[in-house]
Amino acid sequence: MDALTVSSLNYSYKNTENVVLSNLNLNVKKGEVFGVFGPNGAGKTTLLSLITGILKLQSGTISILGKDAFTQRKEINQLVGYVPQDFAFYEELSALENLSFFGAMYGLKGKSLDSRSNELLGVFGLMHVAERQVREFSGGMKRRLNIAIGLLHEPQLLILDEPTVGVDVQSRLAILSYLKKINSEGTTIIYTSHLLKEAEEFCNRIALIDMGQVVVVDTLANLLLQNQCKSLEEVFIKLTGKSYRD
Amino acid sequence: MSPLAASIVKEFKVLSRDKTGLFLMFLMPLALALLMTVLQNSAFKIVNENKVDLMVINNDSSSLFFQSFSKGLEQTGMFNLSFNDASKPSFKLSEDKESIVVVMVPNGYTYALDQEIKSKAEQSLQLFGMLDTVSTEEKVTLKNLELSFDPVLQESYRYSIKSTILSVVMAIQNEMLLKQLFYDVNQSQPDSAALEKILPKPLLLSESLIKENSAANPNATQHNIPAWTLFAMFFTVITLGGNIVKEKRSGSFLRIKTLPVSIAQVLIAKQVVFWVVTVLQTLVLFSIGFFLFPVLQLPPLIITSGILPLLFATLFCGLCAVSYALCIGVYSDTVEQANGFGAASVVILAAIGGIFVPLFAMPEVFKLIANISPFSWAMKAYYSAILEISPFHILLLNVLPLLLLTTILQLIAYIGLKRKNLL
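Protein sequences appear in the order of chains A and B. The first sequence begins at 1 in the working numbering and counts up by one. The second sequence begins at 1001 in the working numbering and counts up by one.
Bound-form chain A, shown alone (with noise of 0.2 Å):
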């Protein structure tokens, strides 16, 4: 069973006549780190909104863990955790309290919300300010607390727009490798980012996504090989060209 199967996606906003995904398709295996790249305006953003449930479908399905994502939602947001790349908590809450709400709304509760709670703070080097109200934080700092809200429940398919933009090198070796670790032990991870030389090092396949369609999906060795390029980056530009998109 795949992570993610998505067919013949279609979509576009109300008042514009662009079509912002059009007849894409796509599969995530499961224990994968599947990176998504493309320019601004490409459609991933959108594509990440539909499979987390943030827009409706239009047109095509989305299966994901087995389940459709169009008649089991509630089921699925059980299973799946997201991490926007907007700072999506309270600022006026402390870290604690953060946690503490979005694991109620998981479903979590006493011992095992206090214990999952107190780990991430561990993990993510925010226990010294469980307790200090979240707009003290330095950026890099809300950006661990965001991924660690979106991994409370322990989700089988971790979703990431942009984990790591904007902070320094320390946080971001911490987050990728906590995201190594969980992946290592069987989570499936979806990856959205600008930072290819990042990607190259975290992804185990990657799909290039351009006007609204799947460019091309492979292995980062595969991709190198049959476009003759040294980097993701030059595969990114010749695949899809130098010219501003948005």
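Treat the hints loosely; a few may be bogus.
To be verified - Below are the DSSO-like pairs computed for lysine-lysine, each with C-alpha atoms no more than 30 Å apart in a straight line: (1) B:K1418 x A:K74; (2) B:K1013 x A:K14; (3) A:K109 x B:K1013; (4) B:K1246 x A:K14; (5) A:K30 x A:K197; (6) A:K74 x B:K1246.
It is worth saying that the hints were derived from the structure and are not from the lab.
Given chain A, put chain B in place with the hints provided.
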């Protein structure tokens, strides 16, 4: 903890750390209620409670009339009396800054009045057949009492003062006439027992209200406490509206959409918390009306109907205010929009709805316009809970427009959430 309970706890924590929001929701209306009650109470007192400063100047060589007149004026309870002697060289009327009414007793008034009364007594006795001839002495002309008013006094108020003074003079005349008649018949002055028998007792009026069980118009406290409570309730638009916009913009709403709970639970939690806030606002503002205002010499807050009708009105008013804030929050794209439109609309609706100036004191046209403001509906609900002992169905009728508006606002908010892909 269930998702709903966790959301409620989260909202309470967020709110408790919002110092500006708490100031706007509690301290500002409290200060406004206090200030406006003091101001309106002063204005109210000038018209209804304060005595008129009246100076009596005695220009008469005898002080007999002056003494009876002063005593009679004092007994009316309408005047703060001061006296002056015009014969003193230091006297200058223009220097009197306090009095708004001055009565001058002209020289020779006591004598002239006495002659007038004696003549009337003789004529009366002749008419009764008890006297054959009346005195043919030339009468002394009775001069008028001279009355001067401050030009700021309104005509109706002047008329009421003139009537009171005339009634005092007439009472003196009647007493003098009866005494004179007694003397002419008995050749002796009546003693106090006899005087009590022949003098008519002052007529008294029984007062009652046209509407049974109603307490007429509210006093300054009875108006301002519910008025500013309502203002405070609707001003939660700044806090709740801004709170919703912030969540929409921060992405936490979208994140919640990816969780195995409905975003409706989070919105319900927000409304529950702010609904509780509106009840707390009522508790705080009504408490200062009960306990603080009497200490500050302001009219105490008297609730005729009891606590339950008051709570009933509060719950419906609060729910309507929270629904309004929800609507503003859902449709605003920025916190500035929510705050700007929210505050401006609340101030305008409050002004129209009789919060700043009570409806009963407004011109008829404005009373009609007031009907479009939910503040006026809410004030009716509060007045019916505070001023009258209303049956339950009357209370229900008074809150019905608020309930309808609440339903409409919730529906509008639901449509907005759907259109913005948040539900």
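Here's how the hints hold up against the structure:
no.: 1; hint: B:K1418 x A:K74; verdict: 18 Å, holds
no.: 2; hint: B:K1013 x A:K14; verdict: 37 Å, violated
no.: 3; hint: A:K109 x B:K1013; verdict: 19 Å, holds
no.: 4; hint: B:K1246 x A:K14; verdict: 24 Å, holds
no.: 5; hint: A:K30 x A:K197; verdict: 24 Å, holds
no.: 6; hint: A:K74 x B:K1246; verdict: 25 Å, holds
Hint 2 alone, counting from the list given before, is not met by this structure.
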